[in-house]
Structure formats: structure tokens, C-alpha cells
Amino acid sequence: MIDLTKKAGFGLAGRHRAEKRFKWVGRSAIAISLMFLALMVGSITLTASGTLRQTQIAVQVDLGAENVDPTDPASASYGRLVKSGLRDMFPDVTSRREKKALYNLVSPEGSFEAAKLVAKDPDLLGSTQTLWLTASDDLDLYLRGKIDITLPQNQRQISDKEVVWINALQANNQLRRVANWNFLTGGDSREPEIAGILSALVGSLYSLAVCFALSFPIGIGAAIYLEEFAPANRLSDLIEVNINNLAAVPSIVFGLLGLSIFLGYMGLPRSSPLVGGMVLALMTLPTIIIAARAALRSVPPSFKEAALALGASPVQAVFHHVFPVAMPGMLTGAIIGMAQALGETAPLLMIGMVAFIVDIPDSILEPATALPVQIFLWADSPERAFTEKTAAAIIVLLIFLISMNLIAILLRRKLETRF
Amino acid sequence: MSVRTTLTAAAALLAIAAPAIARDQIQIVGSSTVFPFSTTVAERFGKSTDFKTPVVESTGSGGGLKLFCAGTGLDTPDITNASRRIKSSEVELCASNGVTEIVEATIGFDGIVLANSIEADQLNVSLRELFLALAKDVPNGDGGTMPNPYKMWNEVNADLPAVKIEVLGPPPTSGTRDAFAELAMEGGCKTFDWIKALKKEDKSAYKALCHTLREDGAYIEAGENDNLIVQKLQANPAAFGIFGYSFLEQNGDVVQGSVVNGVSAEFEEIAAGNYPIARSLFFYVKKSHVGEVPGIAEFLSEFTNEDTWGDEGYLADKGLIPLSAKEREAWAAKINGLSLLDM
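Residue numbers (our numbering), protein chains in the order written: chain A, 1 to 419; chain Z, 1001 to 1343.
Some hints here could point you the wrong way.
Claimed, not checked - Computed cross-link-like contacts, DSBU-like style, restricted to lysine-lysine with a CA-CA straight-line distance of at most 35 Å:
no., chain 1, residue 1, chain 2, residue 2
1, Z, Lys1326, A, Lys161
2, Z, Lys1066, Z, Lys1151
3, Z, Lys1047, A, Lys83
4, A, Lys116, Z, Lys1200
5, A, Lys99, A, Lys120
6, A, Lys146, Z, Lys1326
7, Z, Lys1151, Z, Lys1200
8, Z, Lys1318, A, Lys120
9, Z, Lys1200, A, Lys100
As the list claims (entries may be wrong) - These stretches of chain Z come out as covered by chain A in the derived footprint (C-beta under 8 Å, 3 or more residues):
no., region
10, 1124-1132
11, 1216-1226
12, 1251-1259
Read the hints as simulated data drawn from the structure, not as lab findings. The beta carbon of each residue, even a glycine, is placed where N, CA and C say it ideally should be.
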């Protein structure tokens, strides 16, 4: 007779050790990947933190009637007024070159800001007022200690003269740092101090809305037909293989298709989120179809069989009983597909969405860009201050992605049926 | 149910959008080198006038001209930027698609610099030495060529430092690379008399010899992103990088430009035409669109304003090297008068 207990106990200690070892390998794998993630997010957040606040500079601007016509304040030349305000602060600046350096302490946006402040508050008119205007990117970097002034003058963006001015301004409390809301409410700019993310964010939202409106219904429809109604023959197999292949096609190919069909043949407007969304929809369709079919397959066949046995037609059986149960899985697949589309730039390049867009688009037909494109464009800009903007844009994109995935999880929790 | 509604809505949307829409916004495409300047002008133009801010796409010079020459319809761009002059083949392509009236504009210069980390010594190099260090094939001394044997700078010329030749530069798709090959490599190449003579006999052999960069690892294609090259130079003081002057200007605290043919890569030297690796920047306007798309004439006058492209203009702050005052005056008259391209 064989002693089963003895046989079962054979090598038990060794097997326990192996199990322990495997657990530790798994844990360290997770720890390492978490460490890299923390390193990446940490360094990006640290760089991006410079975007949170923006330096402003107080300029005395003479808004008297001889400079600004009280009946038509918009017609005044605020650029000139701001410049003369700066000159009054440093009367010893006379040479042309020095004057230019002085004017450059204020962002080129300053004159537009002055006009806006006056338009908002007409009471300012008639006398000399202190206006807080956005300072230049170099001044901002200097104040935050990002410019090493121990280097020779010609190796840095800010000269000794400017350092003297800035220190004088600081001593007079004419510099302050305020929350940089403009980053979230403004469009792109070539001046880093006023560049904002909103035009790209809105562009991404419009594109994704178009993408969802097209790819979700089409994808779900295709999945239901293929899974529940399509006859099992060569043609269905061929379609299935091709859908799986399409999911692996490089995204730029879809961009080329969009260029020749949507722009070339259909004549849709270039750079518009409509075309962007259509191209992204083509790209996400295979993902959605595959996920939706998996969701349909996971519904126990007994549901459909019971419905059919009780006299429901196949369409009724599918739409009344199988489809609602599979819905959460389909939605999750769709949102994961959308998240993938959110991060794409390659197909957008071909249809003109890799562009400099200042105005916030009002509709899906107006030129727009997208978040990842904005990151790409800022990363490629020579101005040093754009490094921080790039990091901040990455954070915005990450928040967008995380919230999409969160919605996917919440929807699944809410709608999921457990058997 | 909701599926059906969405589908109908999507179909309706396409039906509305299908006819080409009249544009009230200038469309600009083209070179990524001109992009920072073009966008700056576009932004100021949009803010200071009632016109919409022009849309500027970065497609590369060749890609931009291809789009520009695709036709005269309003679905084609109005302006294309280029970091080289339009080729006669492109003028023909344009003409075959009905784009016969093109206005040319030169806006300034861009210097291409060879730079390294400020932690290392500044390099003083001639174009001939640059060619010998970076060409795929070099003269072997008795009228023929041999694969580039040089591994160290001091093998090219004993006065140069004993550092491994390691140069990071743009890939072949880049206009900066074309300009570097044409100005620096060819410039050094034709200092050999027999190669200069070759140009007349066999132009394609001459071009292949002069323009081909080595592929044995001494020249490293570092992508189109110049910021990345600057970062790599910071990390590796032995390496050199090739990029546009504006990146040198913005990163003067970490990299330094090499002296080429005895001329340092400085704003004044490039503007005066002394620095050998400098090219002109252009844009091209479709004349038939002036008046059709609102604001083109005003955009051109903004671009040719002294406050924009002058010596003290805002484009100079962005790293554009201005034309001479006389040239600016001549070009401004041509551009604003919409005189046609003359090849």
C-alpha cells in the first residue's frame, strides 16, 4: 500500500520555498515598476510646478485724457503708454539698446493686458494708475533662481543691467507672483509666460467627442453582428482576421487615409477636430470591436437560450438579454480605445492638426490642435521657459487620461452584473 | 435607440460639413525652422487686428510646398514657409496645378551652429576640416577617395583637440541637414581643387562626394528636436551638435558655438554675412488668395514692418537674423506690391 500522506509531503519544504521565492520576485517587479513611475511622475511634477505661479510687474501707466480718449479707450496705444511708464521708473536709461532691454522686462502681452484692464474697469481712466502686467519669461526664471548669474553675461539670457533693474523693482515691491490661471484659460502663444493649454484641451475634447460618436455605435453594431448573427463561414473568418490585423496597423497609416479621403475626396476642412475625430475613430474601431466581442462572449449562453426557448426572436434575445449584460464591458473597451486616441499625434500630423492655434475653437469645424501635439510643439521650442510648460501640459494630459480610466472603472462598477 | 440617434446625427453632420467652407482665417504651412518666426508674427497679427489668428502648421519645407502647389482652391494653404528657395521642379508642379502667381518673400537669415558644452574647450575649425571630419568619403591624397579614416579631431588637423569625432545632428528629412550639407560640407569639399573641377565633369558624383555624411557612427542622427541635442551635449562634453542659432542663443549658459573659418557664431557676424554656415529663410504667398481670404495683405505688411523684422524688431528677439536695411526695404516693396516670383 502506498502511503499517500508521505507522497503528498514529498518535497513540501522545497515547494513552499519556491512559492515564497516567486512571491518575492513578483513583489520586487512591482516595486521596480512603481519606482520608475514615481521617478517619472515626480520629475515631471517638479518641473511643472514652475507653471503654477506667474510673476507680474507693477507699471505706472498714465491713463489721462491726453493719452486715452475716455469716449473710446480701445483706440489708445497702450504699448507706448506701458513703455513710457517703464522709462519713468528708470529715468537714467537712455540708449536705444538699453531701452529695448527695459521694455523686454514686461511680456509683449502687457499692452493687451493694459487695454483689457481698462476695458473692464473704466474708472481707471483719467489719472495715472498702477497696473499689474505679466512679466517676461526671463524675469520669471531669474526670480525663481533658474538663471545662474555667476556666469559671464553673454552666456545667459539676462544681463547685469537687467539684474540691477529687477532687484530695484523687487526692493520697491513692484514684483509679485500670482496664481497662473492663464495657463488653463488661454490659448497657445509663442511667449512662454502667457502660453495656455485651453485651445489644445478643447481641440482634444472635440476630437474625442467626434471619435466616440462615430466609433462607439459602429463598433458595437459590428461586434453584435459578428458575434451573434454572422454565419460561420470563410468570409466571417476573413473579416475577423482583418479586424485583428487593423488593431496593429501603425496609426500614421490612418492619417494618410484621412488625408486622401476625408480631406482630398470629401473636401472636409483641414486641421478641424471633425476630421481628427474621424481619423481617430478609424483607429479605435478595431479596439472597440474586439473588446465588445469579448464582452458579448462573456455573457453565459443560457441567457440567450432561455429567451429563445420562451419565444423571443433572435434580435429580441440579443438586444433584451445579452446586450445589457455586455454593456459595461463594451463601455470599458470603448473608453480604453478613447484613451489611446487621446495620446495620438502621428495621424493628426497628416491632416493638419500639428499646428499653432491661438484662438480657442468654437466648433468641430474650426482649426484646432490636440494635447499631445501641444506637448510636442512646446518641447521643440527654443525658449527655456517652455520646458516647464511642456511638463505642465503632460500633467494635464495625465489628469485627462486618469479621469477617463476612472470613469471606465466607475461605469463598470455601477452597471456590472455578477453571476 | 440612442445608437440610432447618434448614427443619424453623425450622418447629418457629415452632410453639412461636406461642401468646402469659405475661410476667414489665413492658413500657413511649411518649414519647422521658419515656424517659430511665422507663429510669432501670426500671434501678434491676431491680437493687434480684428482678423483671426492665422493657423500655422509645421510640415517641413518640402511638405509645405507640396500642399501649397496642390491647387488654387480655398482648401489649399495661402502661404508656405521654406528654409530654402523654391525649386524649379516645384514651380512647375505649382504651374501644372494652376498656381502660376506666386509672391516670394525673404525674411532673414538663420545661422547653423556647431556647438559643444561650455565645460569643454571651444573648437576653432575650418570648413575643410569639418568636411574631412564628417564626410563619408574623403580625398586620399592622390586624386582618389577613400572611406573616411579619421577617428579623432587631431587626425584631421594636429591643431585640433585629441577628442573622438562625435557629432549629433539632424536626420536627412530636415531642412537644417540639407543646408548644412550644402553650406558647410560642400563649402569645405570644394576647397580641394580636383573636386571643384569634378563639379563641371560629373555633377552627381561631385554632389555625392560633397553632401554625403559618414555613417560609421561619428555622425549621429539625433532627431529633429534641437532641445534634445542641447541636452545631450550637456551630458557629454566630448560631443558636438549641429542646430539652429536660436537654440544657441537661448542656451548660452550650457553650450558654446564653435568658431568656423575664423568667424564666431554671433548675431552680428551672421547678420553681416561673415559666418559661413547661414542660409536665407523664405515664405511664398498664393497671389490668387489675396482678397479671397481676408487679412493676407495686412499680414504681409505686419511681417515687413520694421518693428517685426528690423534690427530691433521682435523677430530678432526670437533668434531671426535680420536682412540688411537696404534689402529689407527692397523686399518690403516687392512683398507688399505682390510682385511675382522670378526664378
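Structure-based check of all given hints:
{"no.": "1", "hint": "Z:Lys1326 - A:Lys161", "in the structure": "holds, 32 Å"}
{"no.": "2", "hint": "Z:Lys1066 - Z:Lys1151", "in the structure": "violated, 40 Å"}
{"no.": "3", "hint": "Z:Lys1047 - A:Lys83", "in the structure": "holds, 18 Å"}
{"no.": "4", "hint": "A:Lys116 - Z:Lys1200", "in the structure": "violated, 64 Å"}
{"no.": "5", "hint": "A:Lys99 - A:Lys120", "in the structure": "holds, 30 Å"}
{"no.": "6", "hint": "A:Lys146 - Z:Lys1326", "in the structure": "violated, 40 Å"}
{"no.": "7", "hint": "Z:Lys1151 - Z:Lys1200", "in the structure": "holds, 31 Å"}
{"no.": "8", "hint": "Z:Lys1318 - A:Lys120", "in the structure": "holds, 32 Å"}
{"no.": "9", "hint": "Z:Lys1200 - A:Lys100", "in the structure": "violated, 50 Å"}
{"no.": "10", "hint": "1124-1132", "in the structure": "violated (count 0)"}
{"no.": "11", "hint": "1216-1226", "in the structure": "holds (count 3)"}
{"no.": "12", "hint": "1251-1259", "in the structure": "holds (count 4)"}
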